[in-house]
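Undergrad: Chain residues, written in single-letter form:
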Amino acid sequence: MRVGVIVFPGSNCDRDMYHVLRDVFKLDARYFWHEDRLPKNLDAIILPGGFSYGDRLRAGVIAAHSPVIADVKKMADRGMPVLGVCNGFQILVEAQLLPGVLLKNTSLNFMCRWTELTVENNRTPFTAQFKIGQKIPIPIANGEGRYYVDKPTLETLKKNNQIVFRYGQNINDSVFDIAGICNKDGNVVGMMPHPERAVEAEVNPQDPKPSSLIFESLIATVGAKR
Amino acid sequence: MPLFEVQVIIENKPGMSDPEGQTILNDLVLKGDHRDVKKIRSAKMLRFQVNAKTAKSAELSVKKICDDLRIYNPIASKVTFAVDPR
Chain A
1 MRVGVIVFPG SNCDRDMYHV LRDVFKLDAR YFWHEDRLPK NLDAIILPGG FSYGDRLRAG
61 VIAAHSPVIA DVKKMADRGM PVLGVCNGFQ ILVEAQLLPG VLLKNTSLNF MCRWTELTVE
121 NNRTPFTAQF KIGQKIPIPI ANGEGRYYVD KPTLETLKKN NQIVFRYGQN INDSVFDIAG
181 ICNKDGNVVG MMPHPERAVE AEVNPQDPKP SSLIFESLIA TVGAKR
Chain B
1001 MPLFEVQVII ENKPGMSDPE GQTILNDLVL KGDHRDVKKI RSAKMLRFQV NAKTAKSAEL
1061 SVKKICDDLR IYNPIASKVT FAVDPR
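Chains as they are written, first to last, in my numbering: chain A, 1 to 226; chain B, 1001 to 1086.
Just so you know, these hints were derived from the structure itself, not from any lab.
Keep in mind that the hints are not guaranteed to be accurate.
Below 25 Å or equal to it, Euclidean Cα-Cα: the simulated SDA-like pairs (lysine to any residue) are [as the list claims (entries may be wrong)]: (1) A:Lys151 - B:Val1079; (2) B:Lys1013 - A:Asn105; (3) A:Lys184 - B:Pro1074; (4) A:Lys135 - A:Lys184; (5) A:Lys184 - A:Asp71.
Residues from chain B that keep clear of chain A, each with C-beta distances beyond 12 Å, as calculated [to be verified]: (6) Pro1002; (7) Ile1009; (8) Lys1031; (9) Asp1036; (10) Arg1041; (11) Arg1047; (12) Asn1051; (13) Thr1054; (14) Ala1055; (15) Lys1056; (16) Ser1057; (17) Glu1059; (18) Phe1081; (19) Ala1082; (20) Pro1085.
From a predicted model like this one, the values you see are computed outputs, not experimental measurements.
C-beta: ideal position from N, C-alpha, C; glycine also.
Looking at chain A on its own, in the form it has when it is part of the complex:
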């Protein structure tokens, strides 16, 4: 199974993601620079965290215009699993592959801490192995992580089952405590917390198993399609 990890100028979680895909889950991970075109033989695409273009103008907006994003859009339209983590999530919303926007945290501080997520939707390629309501101890690390949509859009997200993860408590005034969402088809998922920092016991003092299920869900989903 071949997973593309997209690298933008300023990405800084790309190597963590690559390490986890290769060394922990034994997948064929490949880096793709933001100016590259993507080959057709990928099984999934991951946009990692970081500070693409130094968050200039707005987190993710400049990267959203990168040449590689045109290919990500085409592949997402065809149903390929796409995961955006942290800055990757910000890029996906700015590229309009996902609804909403990520605003500066109300505290105006960079927040780096452990959180607990609740799984709200287990019908995505990244959550298929979870039970609804399952908890995930996982870290966040962001300055612009406050998810916002207006009320009518929030109702649409609820109706379409597009809310994938919620925080167990209000940590940054995200609308409805949303930590992760998906597109209408469910194949494009964005989340602010960092699963690549939580799947190994050496770096996760709580429980690495739930975060591992994000990657195991992908492996099972892609495997079942073959």
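Dock chain B against the given chain A, drawing on the hints supplied.
TA: Below, chain B alone, put in the same frame as chain A:
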């Protein structure tokens, strides 16, 4: 063609919280005892210098650029334009 400066002011939509403006108001201005100040909203301003036939066409071309490239996020932001001849 003459050169115009188009100012693009981007701020959160009315009714949306603006933690930066609130902090400037509550933790700086009001602590300085300026009780007449009732509200502060923060914004980002970009100055575009563009060649155009008229002030109006300068504004329209910058507005199109801002819309096409999502210089402001239409979900969260309100944008206003002001134009000066250089």
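Undergrad: Against each hint, give a clear statement of whether it holds in the structure.
TA: We went through each hint and held it up to the structure:
1. A:Lys151 - B:Val1079: Judged against 25 Å, a Cα distance of about 21 Å means the pair holds.
2. B:Lys1013 - A:Asn105: 16 Å, holds
3. A:Lys184 - B:Pro1074: With Cα atoms ~20 Å apart, Lys184 of chain A and Pro1074 of chain B stay inside 25 Å; holds.
4. A:Lys135 - A:Lys184: 23 Å, holds
5. A:Lys184 - A:Asp71: 19 Å, holds
6. Pro1002: 27 Å, holds
7. Ile1009: 14 Å, holds
8. Lys1031: 17 Å, holds
9. Asp1036: The assertion about Asp1036 of chain B holds, with a minimum of 25 Å to chain A.
10. Arg1041: 14 Å, holds
11. Arg1047: Holds, since 14 Å exceeds 12 Å.
12. Asn1051: With a cut-off of 12 Å, Asn1051 of chain B remains clear of chain A, as the shortest Cβ separation is near 23 Å.
13. Thr1054: 28 Å, holds
14. Ala1055: Check passes; 25 Å lies beyond 12 Å.
15. Lys1056: The assertion about Lys1056 of chain B holds, with a minimum of 26 Å to chain A.
16. Ser1057: Ser1057 of chain B clear of chain A: closest Cβ-Cβ about 24 Å, beyond 12 Å.
17. Glu1059: The claim stands: Glu1059 of chain B keeps its Cβ more than 12 Å from every Cβ of chain A (closest is about 20 Å).
18. Phe1081: Since the minimum Cβ distance to chain A is about 17 Å, Phe1081 of chain B lies beyond 12 Å and the statement holds.
19. Ala1082: 19 Å, holds
20. Pro1085: 26 Å, holds
In this structure, none of the earlier numbered hints is contradicted; all agree with it.
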